[in-house]
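Chemist: Each chain, letter by letter, is given below.
Number of protein chains: 2
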Amino acid sequence: MLAEIITIGDEILIGQIVDTNSAWMAEKLNHAGIRIKQISSVSDNREHILTALAEAAGRADIILITGGLGPTKDDITKKTLAEYFGVGMVMNDAALENVSRIFKKYNRPLLEVNRLQAQVPENCEVILNKNGTAPGMWFNHEGKVYVSMPGVPFEMKYMVEEEVIPKLQATFKLPVIIHNTILTAGEGESFLAEKIADIEDSLPAHIKLAYLPKLGQVRLRLSAFGDDAEKLQAEVNIYADKIAERASYAVMAREDIPLEKVLLNTMAERGLTLSAAESCTGGYLSHMLTQHAGSSKVFLGGVVSYANQLKQDILGVNPATISVFGTVSGETVTEMVEGALRRFKSDYAVALTGIAGPDGGTAEKPVGTVWIAAANANKTVIKKFTFGEKRLQNIERSAVGAFFMLITLLRENGN
Amino acid sequence: MLAEIITIGDEILIGQIVDTNSAWMAEKLNHAGIRIKQISSVSDNREHILTALAEAAGRADIILITGGLGPTKDDITKKTLAEYFGVGMVMNDAALENVSRIFKKYNRPLLEVNRLQAQVPENCEVILNKNGTAPGMWFNHEGKVYVSMPGVPFEMKYMVEEEVIPKLQATFKLPVIIHNTILTAGEGESFLAEKIADIEDSLPAHIKLAYLPKLGQVRLRLSAFGDDAEKLQAEVNIYADKIAERASYAVMAREDIPLEKVLLNTMAERGLTLSAAESCTGGYLSHMLTQHAGSSKVFLGGVVSYANQLKQDILGVNPATISVFGTVSGETVTEMVEGALRRFKSDYAVALTGIAGPDGGTAEKPVGTVWIAAANANKTVIKKFTFGEKRLQNIERSAVGAFFMLITLLRENGN
Numbered sequence: 001m002l003a004e005i006i007t008i009g010d011e012i013l014i015g016q017i018v019d020t021n022s023a024w025m026a027e028k029l030n031h032a033g034i035r036i037k038q039i040s041s042v043s044d045n046r047e048h049i050l051t052a053l054a055e056a057a058g059r060a061d062i063i064l065i066t067g068g069l070g071p072t073k074d075d076i077t078k079k080t081l082a083e084y085f086g087v088g089m090v091m092n093d094a095a096l097e098n099v100s101r102i103f104k105k106y107n108r109p110l111l112e113v114n115r116l117q118a119q120v121p122e123n124c125e126v127i128l129n130k131n132g133t134a135p136g137m138w139f140n141h142e143g144k145v146y147v148s149m150p151g152v153p154f155e156m157k158y159m160v161e162e163e164v165i166p167k168l169q170a171t172f173k174l175p176v177i178i179h180n181t182i183l184t185a186g187e188g189e190s191f192l193a194e195k196i197a198d199i200e201d202s203l204p205a206h207i208k209l210a211y212l213p214k215l216g217q218v219r220l221r222l223s224a225f226g227d228d229a230e231k232l233q234a235e236v237n238i239y240a241d242k243i244a245e246r247a248s249y250a251v252m253a254r255e256d257i258p259l260e261k262v263l264l265n266t267m268a269e270r271g272l273t274l275s276a277a278e279s280c281t282g283g284y285l286s287h288m289l290t291q292h293a294g295s296s297k298v299f300l301g302g303v304v305s306y307a308n309q310l311k312q313d314i315l316g317v318n319p320a321t322i323s324v325f326g327t328v329s330g331e332t333v334t335e336m337v338e339g340a341l342r343r344f345k346s347d348y349a350v351a352l353t354g355i356a357g358p359d360g361g362t363a364e365k366p367v368g369t370v371w372i373a374a375a376n377a378n379k380t381v382i383k384k385f386t387f388g389e390k391r392l393q394n395i396e397r398s399a400v401g402a403f404f405m406l407i408t409l410l411r412e413n414g415n
Numbered sequence: 001m002l003a004e005i006i007t008i009g010d011e012i013l014i015g016q017i018v019d020t021n022s023a024w025m026a027e028k029l030n031h032a033g034i035r036i037k038q039i040s041s042v043s044d045n046r047e048h049i050l051t052a053l054a055e056a057a058g059r060a061d062i063i064l065i066t067g068g069l070g071p072t073k074d075d076i077t078k079k080t081l082a083e084y085f086g087v088g089m090v091m092n093d094a095a096l097e098n099v100s101r102i103f104k105k106y107n108r109p110l111l112e113v114n115r116l117q118a119q120v121p122e123n124c125e126v127i128l129n130k131n132g133t134a135p136g137m138w139f140n141h142e143g144k145v146y147v148s149m150p151g152v153p154f155e156m157k158y159m160v161e162e163e164v165i166p167k168l169q170a171t172f173k174l175p176v177i178i179h180n181t182i183l184t185a186g187e188g189e190s191f192l193a194e195k196i197a198d199i200e201d202s203l204p205a206h207i208k209l210a211y212l213p214k215l216g217q218v219r220l221r222l223s224a225f226g227d228d229a230e231k232l233q234a235e236v237n238i239y240a241d242k243i244a245e246r247a248s249y250a251v252m253a254r255e256d257i258p259l260e261k262v263l264l265n266t267m268a269e270r271g272l273t274l275s276a277a278e279s280c281t282g283g284y285l286s287h288m289l290t291q292h293a294g295s296s297k298v299f300l301g302g303v304v305s306y307a308n309q310l311k312q313d314i315l316g317v318n319p320a321t322i323s324v325f326g327t328v329s330g331e332t333v334t335e336m337v338e339g340a341l342r343r344f345k346s347d348y349a350v351a352l353t354g355i356a357g358p359d360g361g362t363a364e365k366p367v368g369t370v371w372i373a374a375a376n377a378n379k380t381v382i383k384k385f386t387f388g389e390k391r392l393q394n395i396e397r398s399a400v401g402a403f404f405m406l407i408t409l410l411r412e413n414g415n
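As they're listed, the protein sequences go chains A and B. For the first sequence, the UniProt record's numbering begins at 1 and goes up steadily by one. For the second sequence, the UniProt record's numbering begins at 1 and goes up steadily by one.
Hint data in this document are derived by calculation from the structure and do not stem from the laboratory. One or more of the hints may lead you astray.
The list treats identical chains as one, so a pair stands whether inside a single copy or across any two.
[As the list claims (entries may be wrong)] Once the Cα atoms are required to be at most 25 Å apart in a straight line, the calculated SDA-like pairs of lysine to any residue come out as: (1) 390 <-> 50; (2) 390 <-> 18; (3) 345 <-> 318; (4) 130 <-> 386; (5) 130 <-> 362; (6) 390 <-> 291; (7) 144 <-> 209; (8) 104 <-> 209.
Because the structure is a prediction, the values reported are computed rather than measured.
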């Protein structure tokens, strides 16, 4: 079963927002056995929307549309859909009740533009929007299903999970797609590819292997297409096992999880705690950890010691160390990590100090120079990295480097 | 001048990665006066790529392609482009030299798959990739320009900024697009729309107004299309001034910057410093600030006090306060913010404590309950928020709420 996603909104085409909806929807649909043929972002323009709808319907059976359902004049999706289907608009009682309920809840007067949000093309089935005022709309038209949803992520997500996917499952007999992902780190894409070339060559036509490199990690993803979930799963597992065995030195996880989740899982299993002393990453590393539910079992917290005064006051870094070796040095990062262990009473600690850029570099320590330390009560490991010139990238790479060092230290001490 | 962006990669269509490249490219091209007609994401599939190229060429003059240039077997963009143009492949000396240089730099042996990365369709002009091994490719074909670039963001970004845009500017006479964005906060989209309805109705046909709502903020974006940059700019400014005056109570910035940057700019102008005590946001608020170059002038750092022990040890929160009122309470957040002011010696401080979810909620304090405090030496303001059930959203909304409270407190004390 093929689907297409059309996201509508000038804000996407001028780059003011990143379309995160499509990836989220694609993942959910894939797990339900629906393949996304194409994702298209088009403008808030009548002709363009009409063309995109017709093109998508020529390629796919399910067309999912987000965006352009707001109360303001630039939002024209709804009336353009009515035009596309050749129908008029009607007021929907359930949708109007929903809009009224929301405005009442926030104690706001119901404006005419808001009341009009409950108007829908007369051939649609309304999907109630529990989290917002714009109703979702389901259309059956010439053998295809069209679903129009708001572009606001948490409104759309609720609809997809609770309403759209169950309804699609009830409507179509869905084929099966099985993915099996292996997370590797510390080894380049082409070296991995060479290592597993013969396994890749032996894959049957209905199983594909993809390499997804990102910041020192490569995810290897096997995808199998067919009808029999159990058989496909067994088949894919055999190849995944072969690959994981061959590349075992680099395998971080046998599931599609980010590196920091590997760290959290490993530490949670062993009942260990972690703290952080972040300078150049400025809270990013802590955020990567704490974005995951349950991280508080492992992560006690830490300090964002952007100013040197905090490195001294909170972590107990010796001012002489900073003045002799500099803030960005192996000596300072060692005192930071050992200070964090002591001060926050955690089993493991991590510390980072570096020059994220764009300013602050010198000939000796250019932008991108980062010292990272990982430690437990028995051992402190430090490492100097030389990343590039881009601030955000240096921050991301530092965090990934730190997670990798922590996992490596944990593995030395485990098993 | 119209362009289209085609991003190639199964990883996008199964939702394993979010396509951030397109928004970035769209923004850069827009500023150069090139409008993006459509963004399409297609799979690593020969027929699909060929169709997408032909469709895009039917709508636009410039076709920008990213992805599918890696050394591994799933990457087929290059040979598919050669097929599309009906040409063979040749080894490019400059590209080969570049690949060799990079492998030498990292002291890695040059594999055959890497050497083959220097092979390109014979009708292309190579765009050197300073940050990676896959060359960029520029094609002139039947009056259209095609540019193929790697999907790795920092490789693509360098090429677009340093090579592609200058070359497009040299090739085409580009029209002008002027944007003027106003950032508002604390007021809903439909209320803003009603407030400025008459101004919106008076806009000439070549100026469009868009509402971009996100997490309690609405950006109002005016876009003008034409030939005379100076005239358009003057015209757009008049309407932007009218709107900003009418909505002045909610206007945070007269430029397209995020809310935390408004805060940083305001504090930097006044020479003020800030520290943070984050519990439920777990480092996210600090990261939002420190992602911006120059943030260290304002932001001293702070503590991620995930564990209660840290709230007591570092911030001096009284254990009795926590046991009587709870970790998530006005009393605790007050002691946190005042502890941060004292401990980190900053002019302003912010503190957050809440239940991000999905666990930890109670009937009295459900998931999404967040207390935020903003303070300076003279005044502490606290506020209780009740957000929703989604962890990441609660984290984001908390940070935005905190920035809004800090800006409000600064405005009371400013001018």
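Chemist: None of the hints should be skipped; say for each whether it holds.
Modeler: Here is how each hint holds up against the structure:
Taking identical chains as interchangeable, the C-alpha atoms of residue 390 and residue 50 are never at most 25 Å apart, the minima being 41 Å within one chain and 34 Å between chains. For the homomeric pair residue 390 and residue 18, the shortest alpha-carbon distances inside one copy (19 Å) and between copies (20 Å) are both at most 25 Å. In this assembly of identical chains, residue 345 and residue 318 lie within 25 Å of each other by CA distance both inside one copy and across copies; the values are 19 Å within and 19 Å between. In the homo-oligomer, the alpha carbons of residue 130 and residue 386 lie at most 25 Å apart only across protomers (16 Å), although the nearest pairing inside one protomer, at 49 Å, exceeds that limit.
Within a single copy, residue 130 and residue 362 get their C-alpha atoms only as close as 54 Å, which misses the 25 Å cut-off; across copies the closest is 22 Å, which meets it. Taking identical chains as interchangeable, the C-alpha atoms of residue 390 and residue 291 lie at most 25 Å apart whether they share a chain (24 Å) or sit on different chains (11 Å). When the C-alpha separation of residue 144 and residue 209 is checked against a cutoff of 25 Å, the pair qualifies neither within a copy, at 31 Å, nor between copies, at 34 Å. Taking the shortest Cα distances, residue 104 and residue 209 never come within 25 Å of each other, neither inside one copy (52 Å) nor across copies (29 Å).
When the structure is compared with the earlier hints, violations turn up for hints 1, 7 and 8 and for no others.
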